[in-house]
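The residues making up each chain are set out below.
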Amino acid sequence: MKNIKYLLLRRVTQIAILFLYFAANAYGWHILEGTFGTSMLFGIIPLADPYNTLQVLATGFVLGSDVLLGAAIITLFYFVVGGRAFCSWVCPINMVTDLANWLRRKFNLDKEEVNYRFLKRSARYWLMVVGLIVSAIVGVAAFEVFSPITIMQRGIVFGFGMGGAVVLAIFLFDLFGVKNGWCGHLCPLGAAYSVIGSQSLVRVKHDHEACTNCMDCKVVCPENQVLHMINKSSISVTDGECTNCGRCVDVCNDDALEFGIRSFTKQN
Amino acid sequence: MAHSTNRRNFMATTLQSVGLAALGGMLWSGYTDSVKASPLVLRPPGALPEKDFLTACIKCGLCAEACVNRDTNVDKETGKQRPGTLQMAKGGDSLLIGTPFFIPLEVPCYMCEDIPCVPVCPSGALDMPSLLNDKKELDINKSRMGLAVVHKESCISYWGIQCDACYRACPLLDSAITIEYQKNERTGKHAYLLPIVHDNACTGCGLCEQACVTEEPAIFVLPNQVAKGKAGDHYVKGWDAKDQERVQNAKEIHTKTKRSEKEASEYLNMEVEY
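Quick note, the sequences are listed as chains A and B, same order.
In the working numbering, each residue carries its 1-based index in the first sequence increased by 982.
Residue 126 in the working numbering sits at position 139 of the second sequence; the count goes up by one each step and never skips.
If we strip away everything but chain A, and leave its shape as in the complex, we get (with noise of 0.2 Å):
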């Protein structure tokens, strides 16, 4: 039980936030109506997508205050819990992409990784960038044409249609493509919320001694690369690109990781 703590925490989030969203169609329930780009928490509180705004913004487009006002609140809560929470903790692709990297695992599909040059893991950020001028020249939101993850949020709420296929791409390109593909090389809501969450404060900590150097968090880690103090030095996983998922703290058998506020003294 206790190495699957924060994993059963997510999924619990996850679907319990995704039901309410559901209700809020099915059951006119008030508690947390719309969708991601734009939502009333209790019937009052907005909150909103802050990259989805953003390409609005660029759009030339000036929105209403409640989207604004709502991208504000969304921007600073993960600015406080780490940006990339929304990742692990609220997107409901995380559960697609985890299944894939699952199975990855299981019929040993990571042994035989292919090198993909073209693919790395900073295109998201040129996608998030690239999102935004899209967005200015044609004078739609862009990202949200194709987005898996509002594609499938809406099919769970109002019904899926030829949608489907979109997560189903993303799936298959996880599972026979490149490991961490959509979220740990390509989606730029995930980069946008690494710039977000880049200071934020709450962070998992590594304790050196502790460590016993079995890299089992390497393996489990979606975004491995953030864990380069393994074996090393004792500090805060202070990286943007962390999505505080907390796999690493539950299949650490050592200790050697529990999560806390990052320590905004210089660390070594």
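Fair warning: there could be bad hints in the mix.
With a straight-line Cα cutoff of 20 Å, these simulated SDA-like cross-link-like pairs (lysine to any residue) come out [what the hints assert, rightly or not]:
| hint | chain 1 | residue 1 | chain 2 | residue 2 |
| --- | --- | --- | --- | --- |
| 1 | B | K67 | A | F1004 |
| 2 | B | K23 | A | G1143 |
| 3 | A | K1102 | B | G12 |
| 4 | B | K77 | B | S21 |
| 5 | A | K1161 | A | Y1107 |
| 6 | A | K1102 | B | T1 |
| 7 | B | K38 | A | I1119 |
| 8 | B | K77 | A | A1147 |
| 9 | B | K23 | B | G11 |
| 10 | A | K1102 | B | K77 |
| 11 | A | K1102 | B | L10 |
| 12 | B | K38 | B | F88 |
| 13 | B | K77 | A | I1119 |
| 14 | B | K245 | B | E260 |
| 15 | A | K1102 | B | G11 |
| 16 | A | K1102 | B | L7 |
| 17 | B | K77 | A | G1143 |
| 18 | B | K77 | A | A1008 |
| 19 | B | K67 | A | K1200 |
| 20 | B | K38 | A | V1044 |
| 21 | B | K38 | A | A1040 |
| 22 | A | K1102 | B | N(-4) |
| 23 | A | K1102 | B | V5 |
| 24 | A | K1187 | A | F1155 |
| 25 | A | K1200 | A | W1084 |
| 26 | A | K1214 | A | C1193 |
| 27 | B | K38 | A | L1039 |
| 28 | B | K23 | A | V1148 |
| 29 | B | K67 | A | G1010 |
| 30 | B | K23 | A | A1118 |
Label-pair ranges, simulated between beta-carbon atoms [claimed, not checked]:
| hint | chain 1 | residue 1 | chain 2 | residue 2 | range |
| --- | --- | --- | --- | --- | --- |
| 31 | B | D39 | A | D1237 | 55 to 65 Å |
| 32 | A | G1146 | B | H177 | 52 to 62 Å |
| 33 | A | T995 | B | R233 | 49 to 59 Å |
| 34 | A | G1010 | B | L7 | 41 to 51 Å |
| 35 | A | A998 | B | E140 | 49 to 59 Å |
| 36 | A | A998 | B | Q68 | 16 to 26 Å |
| 37 | B | G225 | A | G1146 | 21 to 31 Å |
| 38 | A | A998 | B | W146 | 51 to 61 Å |
| 39 | A | D1237 | B | L7 | 40 to 50 Å |
| 40 | B | K123 | A | K987 | 54 to 64 Å |
Hints listed in this document are in silico derivations from the structure and should not be mistaken for laboratory results.
Here the structure is a predicted model, which is why all the values come from computation and not from measurement.
We put the CB at the ideal spot given by N, CA and C, even for glycine.
Chain B: place on chain A using the hints.
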């Protein structure tokens, strides 16, 4: 030596990244541009003109949720909730994904007096001020979702068969649809009861389309930009002061052709050239 190779590598990778980003950006722009071209769609009340609407809509679905969950949306016979008017475009709908729309034949807009779908719009894509009347109250009759159009050849009223289904279904009966009486010369003793749609009152709710009795509706709602023509500044109702205001800012246009070089009196008296 190593230093210059590093720099060359760095330049090459940067160039490659910029190039791939530009390629991706162009494909992305092309795709996005093509999926937003969907002129045959009816939007919720108060929606901005289609092009602006596509820019402004944040695809949250709050309008559709407000529509389906309104208190009045119950089947009077069963007491159960009916499907909502507004749908959210899915993959395969050939519309910009995630934007709200409605299909009158499936569920028309019932023109709720409190317009639940509009005040919830957070982005301004559904423009509430456009639906306020002189007393600053929400007035659904001000909405212009589309315009009903009658296809005379398939409308049985135009055949001489008595039908006023659309007229009776219209929430703005006698102002958005009126019945015009005309003598039926074929029989000599009957009247045609012809439905006439009036653009100054029709909201495009689609209740007429749903009520129409023919196999494919002979009256149907089209988006405004498809259903309407435009006289433009070249023509004005000289007897109508209000219409004259419309052309106040009209610009003078000088057309230069081979013919306009001559005086009208010259070419009008010439023989016609073929």
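Quick rundown of the hints versus the structure:
1. B/K67 x A/F1004: 19 Å, holds
2. B/K23 x A/G1143: 18 Å, holds
3. A/K1102 x B/G12: 17 Å, holds
4. B/K77 x B/S21: Given pair B/K77, B/S21 holds - Cα atoms ~16 Å apart, limit 20 Å.
5. A/K1161 x A/Y1107: Holds, at about 18 Å.
6. A/K1102 x B/T1: Since the Cα atoms of A/K1102 and B/T1 sit roughly 13 Å apart, the hinted pair holds (cutoff 20 Å).
7. B/K38 x A/I1119: 13 Å, holds
8. B/K77 x A/A1147: Judged against 20 Å, a Cα distance of about 11 Å means the pair holds.
9. B/K23 x B/G11: Roughly 18 Å between the alpha carbons, so the hint for B/K23 and B/G11 holds.
10. A/K1102 x B/K77: Not OK: A/K1102 and B/K77 at ~31 Å, beyond 20 Å, violated.
11. A/K1102 x B/L10: 16 Å, holds
12. B/K38 x B/F88: 14 Å, holds
13. B/K77 x A/I1119: Violated, at roughly 24 Å.
14. B/K245 x B/E260: 13 Å, holds
15. A/K1102 x B/G11: 15 Å, holds
16. A/K1102 x B/L7: Given that 20 Å is the threshold and the Cα spacing comes to 12 Å, the pair holds.
17. B/K77 x A/G1143: Measuring from Cα to Cα gives roughly 5 Å; hence the hint holds.
18. B/K77 x A/A1008: 17 Å, holds
19. B/K67 x A/K1200: 53 Å, violated
20. B/K38 x A/V1044: Between B/K38 and A/V1044 the Cα gap is close to 15 Å, so the pair holds against 20 Å.
21. B/K38 x A/A1040: 15 Å, holds
22. A/K1102 x B/N(-4): 16 Å, holds
23. A/K1102 x B/V5: Between A/K1102 and B/V5 the Cα gap is close to 13 Å, so the pair holds against 20 Å.
24. A/K1187 x A/F1155: Violated. A/K1187 to A/F1155 sits at ~32 Å, over the 20 Å cutoff.
25. A/K1200 x A/W1084: Cα-Cα ~14 Å, so holds.
26. A/K1214 x A/C1193: 10 Å, holds
27. B/K38 x A/L1039: 15 Å, holds
28. B/K23 x A/V1148: Roughly 18 Å separates the two Cα atoms, so the pair holds.
29. B/K67 x A/G1010: Holds, at roughly 13 Å.
30. B/K23 x A/A1118: 14 Å, holds
31. B/D39 x A/D1237: 55 to 65 Å: 57 Å, holds
32. A/G1146 x B/H177: 52 to 62 Å: 56 Å, holds
33. A/T995 x B/R233: 49 to 59 Å: This hint holds: roughly 58 Å between Cβ atoms.
34. A/G1010 x B/L7: 41 to 51 Å: The hinted range 41 to 51 Å holds for A/G1010 and B/L7, with Cβ atoms some 47 Å apart.
35. A/A998 x B/E140: 49 to 59 Å: 57 Å, holds
36. A/A998 x B/Q68: 16 to 26 Å: Cβ of A/A998 to Cβ of B/Q68: about 24 Å, so the range 16 to 26 Å holds.
37. B/G225 x A/G1146: 21 to 31 Å: 60 Å, violated
38. A/A998 x B/W146: 51 to 61 Å: At 59 Å between Cβs, range holds.
39. A/D1237 x B/L7: 40 to 50 Å: 44 Å, holds
40. B/K123 x A/K987: 54 to 64 Å: Roughly 55 Å apart at Cβ, these two residues keep to the hinted range, so it holds.
Hints 10, 13, 19, 24, 37, counting from the list given before, are not met by this structure.
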